[in-house]
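Asks: Here's the letter readout for the chains.
Number of protein chains: 4
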Amino acid sequence: MESAILLISCPDRKGIVKEIAGFIANNEGNILHFDQHIDTHKGVFFARVEWDIADFRVPKEEIENSFKPIAERFFMDYSLHFSSELQKVAIFVSKQEHCFYDLMQRFHSGELNGEVKLVISNHEDMKPLADFFGVPYYHIPKNRENKGEAEAKELKLLETHGIDLIILARYMQILSKDFVDRFRNRIINIHHSFLPAFPGAKPYHRAYERGVKIIGATSHYVTEVLDEGPIIEQDIIRVSHRDSLEDFIRKGKDIERLVLARAVKWHLERKVLVYDNRTVVFD
Amino acid sequence: MESAILLISCPDRKGIVKEIAGFIANNEGNILHFDQHIDTHKGVFFARVEWDIADFRVPKEEIENSFKPIAERFFMDYSLHFSSELQKVAIFVSKQEHCFYDLMQRFHSGELNGEVKLVISNHEDMKPLADFFGVPYYHIPKNRENKGEAEAKELKLLETHGIDLIILARYMQILSKDFVDRFRNRIINIHHSFLPAFPGAKPYHRAYERGVKIIGATSHYVTEVLDEGPIIEQDIIRVSHRDSLEDFIRKGKDIERLVLARAVKWHLERKVLVYDNRTVVFD
Amino acid sequence: MESAILLISCPDRKGIVKEIAGFIANNEGNILHFDQHIDTHKGVFFARVEWDIADFRVPKEEIENSFKPIAERFFMDYSLHFSSELQKVAIFVSKQEHCFYDLMQRFHSGELNGEVKLVISNHEDMKPLADFFGVPYYHIPKNRENKGEAEAKELKLLETHGIDLIILARYMQILSKDFVDRFRNRIINIHHSFLPAFPGAKPYHRAYERGVKIIGATSHYVTEVLDEGPIIEQDIIRVSHRDSLEDFIRKGKDIERLVLARAVKWHLERKVLVYDNRTVVFD
Amino acid sequence: MESAILLISCPDRKGIVKEIAGFIANNEGNILHFDQHIDTHKGVFFARVEWDIADFRVPKEEIENSFKPIAERFFMDYSLHFSSELQKVAIFVSKQEHCFYDLMQRFHSGELNGEVKLVISNHEDMKPLADFFGVPYYHIPKNRENKGEAEAKELKLLETHGIDLIILARYMQILSKDFVDRFRNRIINIHHSFLPAFPGAKPYHRAYERGVKIIGATSHYVTEVLDEGPIIEQDIIRVSHRDSLEDFIRKGKDIERLVLARAVKWHLERKVLVYDNRTVVFD
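Chains as they are written, first to last, in numbering that gives the first Met the number 0: chain A, 0 to 282; chain B, 0 to 282; chain C, 0 to 282; chain D, 0 to 282.
No wet-lab data here; the hints were simulated from the structure.
Hints should not be assumed to be uniformly reliable.
[As the list claims (entries may be wrong)] Straight-line alpha carbon distances no greater than 27 Å define the calculated DSSO-like cross-link-like pairs of lysine-lysine that follow:
(1) C:87 to B:250
(2) A:126 to A:152
(3) A:67 to B:13
(4) D:13 to C:13
(5) B:116 to C:250
(6) B:270 to D:250
(7) B:201 to C:264
(8) C:59 to D:13
(9) A:270 to B:17
Just so it is clear, the structure is predicted and the values come from calculations on it, not from any experiment.
Next comes chain A alone, as it looks inside the complex (with noise of 0.2 Å):
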């Protein structure tokens, strides 16, 4: 079954529920979710509308055109996207392997619906696992004098592949503002701590030298502003004095998997919105 589904935001006003749901039920659609949502404070309305288009009496290629009247008579953002368009994706990764490992199983599975069709690394270590899964591996090494030409051999593999999402699995490299640009609310990083505490480096240091009880991991869209970008995902983890700094760092590998594959897995279904650093996640 082949669905579309519409990513709405606006002014909040009387009558855009009834204007949406018009529009496909009047053209013989299927609602399948309609999920909405309206910061009240801010007066701002929200919504992801996904619906079968096998009945649909609007040619696929003509559903944004012919939506475009409503979208502009309430000032909407939206995007119109369909079930069967396969995201292509880049994953980043340094040496460390286990979300990146987690990923290509995701991938691999099913689970995650999209097309991995590069792996970027400024190290070579990870290059054994994406051959197994058959991904073309590019060893782009970086310091500080050569970041400049990194990042443009990097843009440039990303436009050849057409990416439509980066994913930063535990990359430990800070992209600029321009490639951050370029890449605008489509570059998912793990962040191995409950931001905004910890934002940084070595947070699973500093939270043992905290003494807290629990540990926690953030997924996030990158922005100019390290740590700082709008949070997709969070979830946490318990320690106690039992626990080594050694044990945050091996506990939080586990939610740092999660965390991240929830994150990527709610991008990928087109079902997060972002609005003022925060995110709607219709999960």
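Please arrange chains B, C and D on chain A, whose structure you already have, making use of the hints.
Replies: Relative to chain A, chains B, C and D alone:
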């Protein structure tokens, strides 16, 4: 601000959302929440729609009539409520205080939106607390012989006070089928296990004996089959070999309180739909 | 059954467990709990030992003296307690009732093992509940000018009643360094965030603004640095875009209650050791 | 650093800790962990003691003999292990990949401390991954007729490789009593429900049907009674009406992975004691 709330379930088909949203928009209502769910296996549509009726053109008392044609066309099961209507609540308790005390504090602070009209107990222990909160307390002892008679007294009191919802706050008595029928989906119980594990008596003892690593609590609507009614909410807490049976019971109280309070809150806010011995909770 | 409890910390070296266990066994004591922990990075040994003193050959009042040679040999920081000693507790409250109500119920039901000797508040709101439980209530208003004077009154009351532990049950006033010094590691506060995220005022507002997906609460000993004392316990609850700021605050109350109650329970049961601004909790 | 580990259970009585600690201290051992537990209802003492044997006066191969007199005096069930001994592991899989992939990555990264000597499966699907990690893969089909013969083959392989621990990573076959007896408390299974809810087949289907709000996974030692062996670890994840049966299954995989990995880790680190169909886990 006063709002109207429609709870709807009906066979799924095209155009339902359009009709509901049209009814509201055409009469100048402003939708606050539109929660919808489709059980695709069974082909059933569920919705909870809440809208501001400040400018609604249909007078409050005529809304139901005015909506009826739509309801009939789509074979809807539906009910209409208003945020201004306070539900009348009866709490049944036995000797255990934790849930009762917790509920009274939540009603008192306004977190739970309803009026506790009376407390019924087969013991006298909880009377002082009911007195403190100024709620009438009826001591109706129960044993095998007088059960019918006792229930008759209870039903009379419930009728006199126009009770909408009964909360069994660790009330250790089984209600008759007749009694339950009179308050179908309006009696909320808290069971001290993660159902369907350990239904019936002494669940903590059995959980301890089995050596589980997690204990739970379950809030559900009461049906004629013990501990098998539709589940509204569940939660859990970790235990270990370090926990004695007494620790299981003590830790369990914390989740019993929370799970019961959440279920009651959602019920009072008209967020629960029952279908096929399961619940849809638009939390 | 009466038991003795030894809390010990000292530089780690060979033979400590043998000496402690030998002291107990040689005097016919029966160990109930022997919890031990070694911070290998810092080379510190911690233990909590509890034993039945029914047949103990050393009379209760001589145990401390009798143990002293061992303590000195190993340079132990230690304290000796008896399960029969009820700690005297003062609760400080402001206008928020949820933690206060919860604590009173737990002390009343015997779940928390201590005597609430008095309640101190800068407001009168909580007096009726204190009255209900028969606990003296002292209304001591506080403002910028009278703070020193107010604290003097409080300290006097605490001294008169021989208070062992102060619980700040959402008491929204900052205590002076002098005050804190008098009750080092004996003042437990509940902070309504997952520290070190959002220290200081209005943490829920800031969590909402940041768009976090999880909120938390932290119970810690009060030190002169605001919200930076040793953490005893933390817990969290999930939130989503569906939750308003008011929902954050309401959901947070449930974890504030639980986290504070657990920290108080562990403290009263002599299960908490403080070291290096962190805690070892032998739960 | 090499350490020795003693796992002990015996009738509780005075002096046990003193004797164990004395044995270690008198021979110049340095205790790293001393975990102890008493089941007061049944009067049983449990301990796990780990000590650095760098300076231990008793040679490694004589420790057991040297400890025996103490063990006999206290009627101890005990076993002695060394951190340097790598346990030999066999993994049994069927067609589902998630637990198998996860385990292989954890063994590969060193998080799980053991040697995977072989993989046995009734299907060929998982062979490529076993090959990738260089682990021999044995395809032993099973059906009602050949079960005895197939198990004989398996037992032979396990013997040849000197296997210490069998992990059933979603291996969907029931082992015979004979087989289980040969590996008492050394076969770890993952069951995809929160036992004792939904033992047996298709637990997610039944959980979905029952309308639970939480699903779980349980790792346990295999006994001759299906899904009734001693529980090592359990964990849960929330579900709602929004989750389809497929979502239950997908979400469940995440906790199956984690729960199985934790149980295996604790077993390999000699942290699990079995008693009375329950476990003491010194995590």
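Asks: State for each hint whether it applies.
Replies: Results for each hint:
| no. | hint | verdict |
| --- | --- | --- |
| 1 | C:87 to B:250 | holds, 24 Å |
| 2 | A:126 to A:152 | holds, 18 Å |
| 3 | A:67 to B:13 | holds, 22 Å |
| 4 | D:13 to C:13 | holds, 22 Å |
| 5 | B:116 to C:250 | holds, 26 Å |
| 6 | B:270 to D:250 | holds, 25 Å |
| 7 | B:201 to C:264 | holds, 25 Å |
| 8 | C:59 to D:13 | holds, 19 Å |
| 9 | A:270 to B:17 | holds, 22 Å |
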